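Residue numbers (numbering that gives the first Met the number 0), protein chains in the order written: chain W, 0 to 160; chain Y, 0 to 160; chain E, 0 to 160; chain U, 0 to 160; chain G, 0 to 160; chain C, 0 to 160.
Hints in this document: simulated from the structure, not taken from any laboratory.
None of the values given here were measured: they were computed from a predicted structure.
Fair warning: there could be bad hints in the mix.
What the hints assert, rightly or not - Derived Cβ-Cβ restraints for the label pairs, each shown as a range:
| hint | chain 1 | residue 1 | chain 2 | residue 2 | range |
| --- | --- | --- | --- | --- | --- |
| 1 | C | Q46 | U | D19 | 19 to 29 Å |
| 2 | U | S22 | W | P93 | 32 to 42 Å |
| 3 | G | T91 | Y | E21 | 37 to 47 Å |
| 4 | W | E158 | Y | T47 | 52 to 62 Å |
| 5 | C | S22 | W | V44 | 35 to 45 Å |
As the list claims (entries may be wrong) - If you want the footprint, here are the derived chain C segments under chain G, 3+ residues with CB under 8 Å:
| hint | stretch |
| --- | --- |
| 6 | 56-63 |
| 7 | 78-84 |
Cβ coordinates follow ideal geometry from the N, Cα and C atoms, glycine included.
There are 6 protein chains.
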Amino acid sequence: MNRLTHINDQGRAKMVDVSDKESTVRTAQASTSVEVNEEIYKAIVNQTVKKGDVLSVAQVAGIMAAKNTSQIIPMCHPLALSGVDITFRWETSPYRLHITAFVKTKGPTGVEMEALTAASAAALTVYDMCKALDKGMVIGPTYLNKKTGGKSGDYLREEQE
Amino acid sequence: MNRLTHINDQGRAKMVDVSDKESTVRTAQASTSVEVNEEIYKAIVNQTVKKGDVLSVAQVAGIMAAKNTSQIIPMCHPLALSGVDITFRWETSPYRLHITAFVKTKGPTGVEMEALTAASAAALTVYDMCKALDKGMVIGPTYLNKKTGGKSGDYLREEQE
Amino acid sequence: MNRLTHINDQGRAKMVDVSDKESTVRTAQASTSVEVNEEIYKAIVNQTVKKGDVLSVAQVAGIMAAKNTSQIIPMCHPLALSGVDITFRWETSPYRLHITAFVKTKGPTGVEMEALTAASAAALTVYDMCKALDKGMVIGPTYLNKKTGGKSGDYLREEQE
Amino acid sequence: MNRLTHINDQGRAKMVDVSDKESTVRTAQASTSVEVNEEIYKAIVNQTVKKGDVLSVAQVAGIMAAKNTSQIIPMCHPLALSGVDITFRWETSPYRLHITAFVKTKGPTGVEMEALTAASAAALTVYDMCKALDKGMVIGPTYLNKKTGGKSGDYLREEQE
Amino acid sequence: MNRLTHINDQGRAKMVDVSDKESTVRTAQASTSVEVNEEIYKAIVNQTVKKGDVLSVAQVAGIMAAKNTSQIIPMCHPLALSGVDITFRWETSPYRLHITAFVKTKGPTGVEMEALTAASAAALTVYDMCKALDKGMVIGPTYLNKKTGGKSGDYLREEQE
Amino acid sequence: MNRLTHINDQGRAKMVDVSDKESTVRTAQASTSVEVNEEIYKAIVNQTVKKGDVLSVAQVAGIMAAKNTSQIIPMCHPLALSGVDITFRWETSPYRLHITAFVKTKGPTGVEMEALTAASAAALTVYDMCKALDKGMVIGPTYLNKKTGGKSGDYLREEQE
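Work out the full structure: start from the sequences and follow the hints.
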């Protein structure tokens, strides 16, 4: 006769069941930044980077990454996003590109991961397009600014500075 | 007769030609971190997170993201990676999980983006699996530690702090 | 103090918000064609192309591309398609394979892009499988025949010729 | 004048229309197994396999494959899964790892393919991680245990021994 | 005893063996176009399209599609591309955007499909971003302009007018 | 001062380094099967399955899965395949469709996983296209028949019956 040994599933991964969650409008906004040197700042602003217009490409990268989040983050639920918007602003002392990703959906789970992944992919794209000039760029800190919708309620990050 | 207007391609994106670059062994190591609260630290270490063993899943996410980098970063060249290794260490005051990604290939371009993307995906996965406990986690700073191989030579980040 | 410069977002890309749009049944039909020489026409019809049965493979390629449209077209919203059908007919003077893609969904946005992408992928697959015989094949014109559903109403392309 | 020849579409593939199907909760459970030798059994249980903790990685692979099913199976409808769970148990005479995949969704089609694909990907991952020890491992039989929900009703596989 | 029936593989698809082909530098250039009305022409040129800067996004879409070609075209061999460049020019009577995709690799197979797929994806992206203004845009004809490298020799399309 | 705790990496996953392995021609052949009832056998052979010609679609699915293997199997190295061939034969007592996948590459690692994944995807596609007729189909056993090339030498499965 066979001896069967059940494996204790403690600590094992699963994509948790969300079929009971209501489908509602949810939004999330996440931020990151890329610290660059003056040469890179000027090359981005003057659009002289050899690989192309950095911010245009970073924006597309962020939007596509938002749509692809559940393929990048293993336990993340797939969601049909209804809107994604990536915006940039420069801080110049030191030179730091701030990236904000805003994601919206109507679905059973929140879109925090989509916003964080979009911001990260945009920042990584900036690094890629400028790394021939300097490899010392620093990405982040990356964090969630706020979310709305869902049973757990809204979240607003306390301003730090 | 048709009037043709050539669009000035200044600033437009391209995947730059690397067919003249030699295929050599190249490595890159990148780091990031996730700042967590004590509750999350304990849940990860004791493997009591509901979604599963956080570090195991983050490691797989990082390796798969490394292989998928040229699909996430638009102007990044596709490369057949020969090895990827993700390691973790904890700092406990404050609670901070340090993530290091090491990538190796034999090819015509460097693997800095693969290492940075792997580290970022691992960190995002940690956030995803623990966000039910606290949404205030902070990812990064994320940066390149070192690279070897290629015509531009080796790079070693100066220690800071 | 930091100087902050907001980047004017004029012209920057975003995936526009569709969370207010109603989820209704929508269809779209798009057409393209591949102009081939007599040798290729006979090879396709007699199923003697070395790479396999061209139309079978083109059909599968079109269906899979329809499902993958939001990964190919950056600002296109992801949608769960409910049906895809690709049909072929031959015109023989000159030899031209007409490809029609019909896509249906129940969702908040139309499926024009899914139909156009499916038709294009099917045509590209025909080119790929026959290019050893002749590289002079011409794909298209490619256009939308009609769409139904959605607030903007139905669309029917005026017959031309 | 053009001669047009309609291709008989008998036998040609399509993704059949499901827009009339109701969106309801659906579940499916599928099973497979991997027959291994004693050396591999011990290496998995003692976590001494060079490529890492086999079951952790197989579990992640299964969950990601479930989410990716409509990209692997051409005529399979895309679905937003609400939960995926992969479990393992050992039989030791002979050594056989049993893998069960449970998938849940709220949608218009069943999730049988997602459960079967998840189980298969998990088994293939076990093979990959252990093949340096022995290439004689056997995967399967792979089959559906049960499904619930949908118009076609529930299905329960008759126990076979 | 079992009766075995071999299926005649005539007409069945395969990805043909290229392991004997030499790895050499290969290039391909493909063209397509999008016929638009005056309103769309002005909106693209003045960057007033609601979804963003059309040509920037189309360019990124084309480059990413080039890298993804072997996932879109079933029998197409995967290749590590070494360079991709997408350029645009306007014809204004009628209004027609010409799109040219140039692809380069060092590998065992040509890159005709990558160039054709890149041009097609760029054109589809233009359609997607402008379709709110007019759904009557026409894509193509799409064709190969030239290729270099490989045993089959160079190809140059005869100019047609 | 920070207390640093290194995590013991025993059992953790990595994609092992293969940069020292020689790039040589490698082949692998894997088999699986699908046990079906008489109704399904007849529907496949007579091409009356509603979703289309089952074997044509299964063949395309297998080839595309072979190319996608390193995205499905987490620790599997990416490889540029040079050829994939999927063949079928019927056994009719009981009704069983035998599927064989043959994969070839010139690269640093073997293609066992690509062959096993191709065979599995083809079998899953058969199940998907016929499951409206009967959900009791059984896939497998799935195993490696043989491999050639690479330092570990050739492998030939002992015939079992």
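Is 52 to 62 Å right for how far apart the beta carbons of E158/W and T47/Y are?
32 Å, violated
Is 35 to 45 Å a correct range for the gap between the Cβ atoms of S22/C and V44/W? 44 Å, holds
Exercise. Determine whether the Cβ-Cβ distance between T91/G and E21/Y falls within the hinted range of 37 to 47 Å.
Key: Because 45 Å falls inside the window, the suggested range holds.
| query | Range hint 32 to 42 Å: satisfied by the CB atoms of S22/U and P93/W? | reply | Violated: the Cβ-Cβ distance is about 52 Å, outside 32 to 42 Å.
Checklist entry - Could one say that the CB atoms of Q46/C and D19/U fall in the range 19 to 29 Å? => result 25 Å, holds
Q.
Just to make sure I understand the rule, a stretch counts as covered if three or more of its residues have a C-beta closer than 8 Å to a C-beta of the chain. Does the stretch 56-63 of chain C meet that for chain G?
A. Since 4 is at least three, the answer is holds.
Review point. How does the coverage statement for the stretch 78-84 of chain C fare against chain G, requiring three or more residues with Cβ below 8 Å from a Cβ of that chain?
Key: holds (count 6)
When held up to the earlier numbered hints, the structure conflicts with 2 and 4 and fits the remainder.
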